[in-house]
Amino acid sequence: MGGYGDVKLLNDDGTRLDGRAIDEMRPLTAEVGILPAADGSAIVTHGLNVAIAAVYGPVEAHPRKIQRQDRAVVDVRYNMAPFSTSDRIRPGYNRRSREISKVTAEALESVVLVERFPRAKISVEIEILAAEAGTRCAGITAASLALADAGIPMRDMVVGVASGKIDNIVVLDLDKAEDNYGQADLPVGILPTTGEIAFLQMDGDLSPEEYNTCMEYNFKAAKEIHQIMIDALKAKYDGGA
Amino acid sequence: MNGAAEGAEQRLVTPGEVIGTSLDKSAGIGVLSQGEGMIATRLGWVRENNDTISVDPINSRYTPRSGDLVIGVIEAVRNNLWFADVLGPFNGLLPMSLAPWKVEFGAARQFMDVGDVILARVQEVDESHSVVLTMKGVGLRKLKEGIMSSIPMNLVSKLKGENDENLRALSTASDCRVIVGENGRIWIDGDSTGIDLVRKAIDLVNKEGHKNTFQQSLSDMIGNTPGGAE
Chain A
1 MGGYGDVKLL
11 NDDGTRLDGR
21 AIDEMRPLTA
31 EVGILPAADG
41 SAIVTHGLNV
51 AIAAVYGPVE
61 AHPRKIQRQD
71 RAVVDVRYNM
81 APFSTSDRIR
91 PGYNRRSREI
101 SKVTAEALES
111 VVLVERFPRA
121 KISVEIEILA
131 AEAGTRCAGI
141 TAASLALADA
151 GIPMRDMVVG
161 VASGKIDNIV
171 VLDLDKAEDN
181 YGQADLPVGI
191 LPTTGEIAFL
201 QMDGDLSPEE
211 YNTCMEYNFK
221 AAKEIHQIMI
231 DALKAKYDGG
241 A
Chain B
1 MNGAAEGAEQ
11 RLVTPGEVIG
21 TSLDKSAGIG
31 VLSQGEGMIA
41 TRLGWVRENN
51 DTISVDPINS
61 RYTPRSGDLV
71 IGVIEAVRNN
81 LWFADVLGPF
91 NGLLPMSLAP
101 WKVEFGAARQ
111 FMDVGDVILA
121 RVQEVDESHS
131 VVLTMKGVGL
141 RKLKEGIMSS
151 IPMNLVSKLK
161 GENDENLRAL
171 STASDCRVIV
181 GENGRIWIDG
191 DSTGIDLVRK
201 AIDLVNKEGH
211 KNTFQQSLSD
221 MIGNTPGGAE
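Taken in sequence, the protein lines are chains A and B. Be aware that the first sequence starts at 1, since it is given in this note's numbering, and climbs by one per residue. Be aware that the second sequence starts at 1, since it is given in this note's numbering, and climbs by one per residue.
Where hints are given, some of them may not hold.
Not everything, but these chain B residues come out facing chain A in the computed CB check (under 7 Å) [to be verified]:
{"id": "1", "residue": "12"}
{"id": "2", "residue": "59"}
{"id": "3", "residue": "128"}
{"id": "4", "residue": "139"}
{"id": "5", "residue": "210"}
Since the hints were made in silico from the structure, they are not lab data. C-beta: ideal position from N, C-alpha, C; glycine also.
Modelling step: build the complete structure from the supplied sequences, incorporating the hints.
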């Protein structure tokens, strides 16, 4: 971070390279119930990111040693498709996907009412089909939608958003160039109803003031995304009652 | 929004949505009271009953409750018990003492093997969600003929109708024996035209069961079938 001083990421008129304003999010769309075999599923496109999430369960947790007698375990598998980036990714688990699976599982466990399903397991599979910075946020948003679609009881849905710093200016929702050549990235999982934070990571350095601006942007974006999520869930059952 | 949707228009809510205050109502199924507010924990329709506010989930896995009539598929056999899949999180356990036959220890497999379908009742569910099934009771048996189908368990009440009215109409119209388990499995026995009608009804439930026009569509379908209700 910060080692690419000569890369210019802001236009002279203050807009970003792709023409967005500094507090503007990439377009986000969501749809639920796309996979018939899963108990719940969702697809989220965020900019050029495409994330699919599938939820299976609750089912009996196997192997037995992972069972908890007082609650369910949330098992998340985050995976990037080999064709999701310009350099082919070697298929399978790697350090990065392990890390993201872990933080996503912990974020989701904080909202799912796991104590309702002792000894059970809720499997969440997140597949990134196309990546353009911010896949963990798209993944967690898709996973929340899939959990809601599966009818898993939750306190709230987790919305994944990120903001960061480029050219010494705080901006919302970094794209690929901004993520690679920018100075900081702050992905956050927000519970939109209560405003609680389910996960937070930071890459790079931010001053306290910059951090506060980032969080302000994140909360604003989380509200927007939350509305899109609600619309997606309700759209599936439109005309119902 | 104050959660007082009294009219015919039912309200669809998403997890985390605040649906009312806990001051005048108590939280039912699918609702969590948090501080002064009540939040929905599931995607579903709000239902208000006297002082209780609850959410009927749109989609949900079957949660066994004692007394439920279920259709299970035998998944494993031990010397003295069977394990049956009842579409819940855990397999149901059918001990040989609760089977309708006198079974010698070690002879369980001679009565039922993997893949057999049973009509059973949930005897008890303990705090760790273990399910014990029983086949002692009127009509509980191994299902030998007929076909099996399934619908999402939250649409079971829609298919059955009020006081099982739809179910009776469907049985009469199709001249089939139809049993709907609380877990969403359906067993049908009859001739092929009758089974065809019931299958059409099941398709209709799957596609339109959540709509408020469903009851009308189902009545139309049953009424319009040759040999149906005259």
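Here is what the structure says about each hint:
The criterion of a C-beta within 7 Å of any C-beta in chain A is met by residue 12 of chain B, whose closest approach is roughly 5 Å, and the hint holds. Taking 7 Å as the C-beta cut-off, the interface hint given for residue 59 of chain B holds, the closest approach to chain A being about 4 Å. Given hint, residue 128 of chain B at the interface with chain A, holds; its Cβ is 5 Å from that chain's nearest Cβ, closer than 7 Å. The closest approach between the C-beta of residue 139 of chain B and any C-beta of chain A is roughly 29 Å, which is over the 7 Å cut-off, so the hint fails.
Among the interface hints, the one on residue 210 of chain B holds; its C-beta lies about 4 Å from the nearest C-beta in chain A, closer than the 7 Å criterion.
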